[in-house]
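Chemist: Listed below, chain by chain, are the residues.
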Amino acid sequence: MYRMMMSHVSEIVDKALGLLAYDAQQPLIFSSGLFLFLFAGFLLFYTLLRRDTSARIVYVILFSLYFYYKSSGIYFLLLVFAATSDYWISQALYRTQRPWARRLWVTLSVAVNLGMLGYFKYTNFLIELSNQLFGAGFLQFQNIFLPVGISFFVFQSLSYTIDIYRRQLTPLDRWTDYLFYLSFFPQLVAGPIVRAKDFIPQIRRPLHVSRRMFGTGVFLILTGLFKKAIISDYISLNFVDRVFDEPLLYSGFECLAGIYGYALQIYCDFSGYSDMAIGIALLLGFHFPKNFDSPYKAATITEFWHRWHISLSTWLRDYLYIPLGGNRKGRVRTYINLLLTMLLGGLWHGAAVRFVLWGALHGVALALHKLWLRFVPHAKATGAQMSWGWRIVGILFTFHLVCLGWLMFRAESMQTVSLMLHQIFHNFNWAVAPQVIEGYLGVFLLMGVGYVLHLLPESADRMAQRIVEASPLVVQVLMAAVMIWCVMQIKSSDIQPFIYFQF
Amino acid sequence: MKEKKEEKEYIHRTWLAVTALIVVLCGVSLIPPQTIGGITFRRANILSDLIEFDDRTATDAPAATQIALDEEEFHVDLDRVAQQVARQTAAIETPDTLTPPVQTCFEWRIGPTDTLPAHYTPRQPAEVIEPLQPIEDFDTTGYGPLHAFYGKLLDGRPVRIAVLGDSFIEGDILTADLRETLQEAYGGTGCGFAPVASPLTGFRRTVKTTSKGWTSYNIMQYKTTPEPLRHDFYVSGWVCRPEAGAQTRWEGTQARRHLDPCDGARILFLSRGRSRAEVSVNDSLHRSFTIEGADELRQIEISGLPIHSLTFRVAEGAEGMVGYGALLGRSGIAVDNYSVRSNNGQAMFRTNPALNAQANAMLGYDLVILQYGLNIMQQGIHNYTNYGAQIGKMIAYVRECFPTAAVLVLGVSDRSVRTDRGFEPMDAVPHMTACQRAAARREQAAFWDTSAAMAALGGMEQFVTNGWAGKDYTHINFAGGRQVALALANALNDGMRREARDRDDRLRRQERARNVADSLREAVRLQLLQPAVDPLTMEE
Numbered sequence: 000m001y002r003m004m005m006s007h008v009s010e011i012v013d014k015a016l017g018l019l020a021y022d023a024q025q026p027l028i029f030s031s032g033l034f035l036f037l038f039a040g041f042l043l044f045y046t047l048l049r050r051d052t053s054a055r056i057v058y059v060i061l062f063s064l065y066f067y068y069k070s071s072g073i074y075f076l077l078l079v080f081a082a083t084s085d086y087w088i089s090q091a092l093y094r095t096q097r098p099w100a101r102r103l104w105v106t107l108s109v110a111v112n113l114g115m116l117g118y119f120k121y122t123n124f125l126i127e128l129s130n131q132l133f134g135a136g137f138l139q140f141q142n143i144f145l146p147v148g149i150s151f152f153v154f155q156s157l158s159y160t161i162d163i164y165r166r167q168l169t170p171l172d173r174w175t176d177y178l179f180y181l182s183f184f185p186q187l188v189a190g191p192i193v194r195a196k197d198f199i200p201q202i203r204r205p206l207h208v209s210r211r212m213f214g215t216g217v218f219l220i221l222t223g224l225f226k227k228a229i230i231s232d233y234i235s236l237n238f239v240d241r242v243f244d245e246p247l248l249y250s251g252f253e254c255l256a257g258i259y260g261y262a263l264q265i266y267c268d269f270s271g272y273s274d275m276a277i278g279i280a281l282l283l284g285f286h287f288p289k290n291f292d293s294p295y296k297a298a299t300i301t302e303f304w305h306r307w308h309i310s311l312s313t314w315l316r317d318y319l320y321i322p323l324g325g326n327r328k329g330r331v332r333t334y335i336n337l338l339l340t341m342l343l344g345g346l347w348h349g350a351a352v353r354f355v356l357w358g359a360l361h362g363v364a365l366a367l368h369k370l371w372l373r374f375v376p377h378a379k380a381t382g383a384q385m386s387w388g389w390r391i392v393g394i395l396f397t398f399h400l401v402c403l404g405w406l407m408f409r410a411e412s413m414q415t416v417s418l419m420l421h422q423i424f425h426n427f428n429w430a431v432a433p434q435v436i437e438g439y440l441g442v443f444l445l446m447g448v449g450y451v452l453h454l455l456p457e458s459a460d461r462m463a464q465r466i467v468e469a470s471p472l473v474v475q476v477l478m479a480a481v482m483i484w485c486v487m488q489i490k491s492s493d494i495q496p497f498i499y500f501q502f
Numbered sequence: 000m001k002e003k004k005e006e007k008e009y010i011h012r013t014w015l016a017v018t019a020l021i022v023v024l025c026g027v028s029l030i031p032p033q034t035i036g037g038i039t040f041r042r043a044n045i046l047s048d049l050i051e052f053d054d055r056t057a058t059d060a061p062a063a064t065q066i067a068l069d070e071e072e073f074h075v076d077l078d079r080v081a082q083q084v085a086r087q088t089a090a091i092e093t094p095d096t097l098t099p100p101v102q103t104c105f106e107w108r109i110g111p112t113d114t115l116p117a118h119y120t121p122r123q124p125a126e127v128i129e130p131l132q133p134i135e136d137f138d139t140t141g142y143g144p145l146h147a148f149y150g151k152l153l154d155g156r157p158v159r160i161a162v163l164g165d166s167f168i169e170g171d172i173l174t175a176d177l178r179e180t181l182q183e184a185y186g187g188t189g190c191g192f193a194p195v196a197s198p199l200t201g202f203r204r205t206v207k208t209t210s211k212g213w214t215s216y217n218i219m220q221y222k223t224t225p226e227p228l229r230h231d232f233y234v235s236g237w238v239c240r241p242e243a244g245a246q247t248r249w250e251g252t253q254a255r256r257h258l259d260p261c262d263g264a265r266i267l268f269l270s271r272g273r274s275r276a277e278v279s280v281n282d283s284l285h286r287s288f289t290i291e292g293a294d295e296l297r298q299i300e301i302s303g304l305p306i307h308s309l310t311f312r313v314a315e316g317a318e319g320m321v322g323y324g325a326l327l328g329r330s331g332i333a334v335d336n337y338s339v340r341s342n343n344g345q346a347m348f349r350t351n352p353a354l355n356a357q358a359n360a361m362l363g364y365d366l367v368i369l370q371y372g373l374n375i376m377q378q379g380i381h382n383y384t385n386y387g388a389q390i391g392k393m394i395a396y397v398r399e400c401f402p403t404a405a406v407l408v409l410g411v412s413d414r415s416v417r418t419d420r421g422f423e424p425m426d427a428v429p430h431m432t433a434c435q436r437a438a439a440r441r442e443q444a445a446f447w448d449t450s451a452a453m454a455a456l457g458g459m460e461q462f463v464t465n466g467w468a469g470k471d472y473t474h475i476n477f478a479g480g481r482q483v484a485l486a487l488a489n490a491l492n493d494g495m496r497r498e499a500r501d502r503d504d505r506l507r508r509q510e511r512a513r514n515v516a517d518s519l520r521e522a523v524r525l526q527l528l529q530p531a532v533d534p535l536t537m538e539e
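Residue numbers (numbering that gives the first Met the number 0), protein chains in the order written: chain A, 0 to 502; chain B, 0 to 539.
All the pointers check out, no bait thrown in.
Below are the SDA-like pairs computed for lysine to any residue, each with C-alpha atoms no more than 20 Å apart in a straight line:
no.: 1; chain 1: B; residue 1: LYS7; chain 2: A; residue 2: LEU42
no.: 2; chain 1: A; residue 1: LYS120; chain 2: A; residue 2: ALA350
no.: 3; chain 1: B; residue 1: LYS392; chain 2: B; residue 2: ALA67
no.: 4; chain 1: B; residue 1: LYS470; chain 2: A; residue 2: ILE494
no.: 5; chain 1: B; residue 1: LYS7; chain 2: A; residue 2: ALA469
no.: 6; chain 1: B; residue 1: LYS470; chain 2: A; residue 2: ASP268
no.: 7; chain 1: B; residue 1: LYS470; chain 2: A; residue 2: SER492
no.: 8; chain 1: B; residue 1: LYS7; chain 2: A; residue 2: LEU472
no.: 9; chain 1: B; residue 1: LYS7; chain 2: A; residue 2: PRO205
no.: 10; chain 1: B; residue 1: LYS470; chain 2: A; residue 2: SER412
no.: 11; chain 1: B; residue 1: LYS470; chain 2: A; residue 2: PHE443
no.: 12; chain 1: A; residue 1: LYS196; chain 2: A; residue 2: ASP176
no.: 13; chain 1: A; residue 1: LYS14; chain 2: B; residue 2: SER47
no.: 14; chain 1: B; residue 1: LYS7; chain 2: A; residue 2: SER470
no.: 15; chain 1: B; residue 1: LYS470; chain 2: A; residue 2: LEU440
no.: 16; chain 1: B; residue 1: LYS7; chain 2: A; residue 2: GLN201
no.: 17; chain 1: B; residue 1: LYS222; chain 2: A; residue 2: GLN434
no.: 18; chain 1: B; residue 1: LYS7; chain 2: A; residue 2: PRO471
no.: 19; chain 1: B; residue 1: LYS470; chain 2: A; residue 2: ASP232
no.: 20; chain 1: B; residue 1: LYS207; chain 2: A; residue 2: THR415
no.: 21; chain 1: A; residue 1: LYS14; chain 2: B; residue 2: PHE422
no.: 22; chain 1: B; residue 1: LYS470; chain 2: A; residue 2: ASP493
no.: 23; chain 1: B; residue 1: LYS7; chain 2: A; residue 2: ARG50
no.: 24; chain 1: B; residue 1: LYS211; chain 2: A; residue 2: GLY251
no.: 25; chain 1: A; residue 1: LYS14; chain 2: B; residue 2: LEU49
no.: 26; chain 1: B; residue 1: LYS211; chain 2: A; residue 2: HIS421
no.: 27; chain 1: B; residue 1: LYS7; chain 2: A; residue 2: LEU48
no.: 28; chain 1: B; residue 1: LYS470; chain 2: A; residue 2: GLU411
no.: 29; chain 1: B; residue 1: LYS7; chain 2: A; residue 2: LEU43
no.: 30; chain 1: A; residue 1: LYS289; chain 2: A; residue 2: THR301
no.: 31; chain 1: A; residue 1: LYS369; chain 2: A; residue 2: THR313
no.: 32; chain 1: B; residue 1: LYS207; chain 2: B; residue 2: PHE477
no.: 33; chain 1: B; residue 1: LYS222; chain 2: B; residue 2: ARG340
no.: 34; chain 1: B; residue 1: LYS222; chain 2: B; residue 2: PHE348
no.: 35; chain 1: A; residue 1: LYS14; chain 2: B; residue 2: ASP48
no.: 36; chain 1: B; residue 1: LYS207; chain 2: A; residue 2: GLU245
no.: 37; chain 1: A; residue 1: LYS120; chain 2: A; residue 2: ALA351
no.: 38; chain 1: B; residue 1: LYS7; chain 2: A; residue 2: ILE466
no.: 39; chain 1: A; residue 1: LYS379; chain 2: A; residue 2: ARG390
Derived by calculation from the structure, the hints in this document are not laboratory data.
This one's a predicted model, so the numbers in the text were calculated from it and none came from an experiment.
Bound conformation, chain A alone (with noise of 0.2 Å):
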């Protein structure tokens, strides 16, 4: 019996093991049971070091790490490297005061972030166009590792370089510091971007979690759960990806709801992760900004990038938009800088010719917007200045042209794109809608019941933060209970089979 018993443990024991390594196909996210329990760790000694600041720097450093070896392996000295790297080239920057040696030191950080970035994410699509050019087999694909989160901590060291260039900044005393900047696990793999200049002054302050920040970070893990583990996650695999799949499967009817659930499931999916990377920084007393600001509440394009994915359009206005000389240099540079901005976005989203021309249709769309505001009279930036009928107009314009670009950032070539819009303008068949909804009822509950929160008003949100906030523990650790209980109702559900509607 003692044998068994000691065997069964032992299994259990491996099995835990083996869940710690690494594993490419298994990255630590925070959705996950393993994260609960890893966090759970981690607290209690973040908790006991909370006085001295150094031993607790070093200590998240080594869970950070760890975190991200968990997804990508050795890969984690890739970013001590492009820590230290950055962190000495800054130290020589500031204490340099002639200009052309400042931008010497700038342009190699440049040159080594984006160096980095190139050869992991960008090697094989600069091959993969090379061979469209010059014939197939003209270079060979390598086989590169993509370093999970690759694209955001090169553009959170690129923001402290520049910064500091700029003198907007000082350069950190310590290593540590910066690499525990760098490599702070909440915002590690999928942002937001956070700019150094907003997160430097916080690392040495007093560890100080407040009831508000408490309340506030579990409404934000709550919420961000329940967008990406169980929206997102639901209606991606039971719904829109088939429709991806296979358009021509489909009615017009069932390719329009599979783009307007796509463009639900990326803002539930990225925005979800983002609120609980936000919630779990706001637990361990850190703030990061917003990110994601109810974006399809946007009435026109502009007021779009101002709400979606902010912490990237910020970063883009701020160090590739303005150094290219933003509305500075005349309104034709000022259409082109906007356009280049866009292209270089959409290329920062995935190596493909689809996410270019993604960055290219908000591009004109964003520089069409500027020629309209200044030809039209009365046309407004932002839905706000809008009377409520425009403002209605606004919202479903912008929300389709967003849908357009969501279309080419997820079909997989020029052909599903077209096939989708073949469906939707020649086979639209109204007739099976009943019938879609009816045989798709989970997924339909869940895109309406999505999309009505997205679009109820600010103050909605604020009270349901405020009842959470005002919670007893008890109450708190309930709710997070009821929805872990149901995110795992959902990730173990039957999948929703294929439904044959008749034609």
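Starting from the known structure of chain A, arrange chain B on it as the hints suggest.
Modeler: What follows is chain B alone, placed relative to chain A:
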């Protein structure tokens, strides 16, 4: 007071809250699956990566529970089918001499010579690759139709295969690659059957179909199909009613090899009243056919030049016409995809046996593959005996309508379900496979284990990971269909190789028997030629 509360340190609470949450969730993990108000809630096991609970008994139906089948849907009177087919066969073989014969075939031979060879060149079986999932032939006679099928392949004669299935093969999934692989090895062109019109023509990549003026009806909508058309389905599962001037254009594609051009084509239709149809080949050659009214299935057969595109237009008499489709390709291997989504095989019982027999008389099927069962399976249900009986009826039905064809039952494909530990193979798959295998054995048909072939390639989860299957973990896509088709073609090659070996053995045995007979004859002859000997005196 409020300010004081705001100042309070909550960092300890974070750890406390997370620890309390883990304790609550561990407690919740002990709650077994529950069904409340008809909704089943799974066990929410936060420790699922470490500790597994056996929840099968709590959620699954008892092993004895059979899958629920709509008996009416599967009803068929096989004796009546046999009578209908016999009447049809008799009418074809011994036409009524009092009434003029109905012209069922309208030939259009373009060019000076027939494209079919005068003599067939024997073929060698293609190489068999490991791992092999062989076809299990339960024929006990040793000379059943599957041997005849392999024999025709070895002789180099044209071979026609019909694949009857559900959404698993919809849009030519699997069959496109089975066809290409077999045509590559044994010759042949064209994509086989392509319907006149269907909402799914856009999904099919192996032929580009543009049609207008047709209303199509699917056999799964049998009950809502207008009365005169209900009896006009053959195993293709679609009927199309034209309006005046309705037309369809089929064009070869480069989606697979040997599709464009094809070396001949047929167009299948009914014309109950006098009608006129116009056919165009390659958009440059045109011909008009006047068809007298009759109940028989008609075909326009085009041969003599490579066909890139074919257009069929109903110029007159649309009211009496029913369109089926074109069969592209004439020589070598032809594979017809007859898929009807949501069909578990029962739809074939709603087809017209006489039309099936007429189609077989025109097309001459050598092998009918039955791919069904995917929609019947349910997680937790292990007893499919009643469905097995239906498979037996399907085999019998196919044999009545297509007497020359061998029947190959494809076992159900692999399928995964979601549990708290992630995706796992559906527990019903081996039971459904066993039931299908048993049905094939009872009926002495052939069987191929699709799920085993997929398991050898990593199983459904791997298929999804590789991008070979949809996210429903049930349906393969074109890439997955290619993998399964290669495995099935490999199995057919193996069968052919065995047949070739048996044929050699038979020839050797016949040769030996002939030699022995010759020797005996020689011995007898020599004996007879020798002078007679007096047995008493031993003297001549």
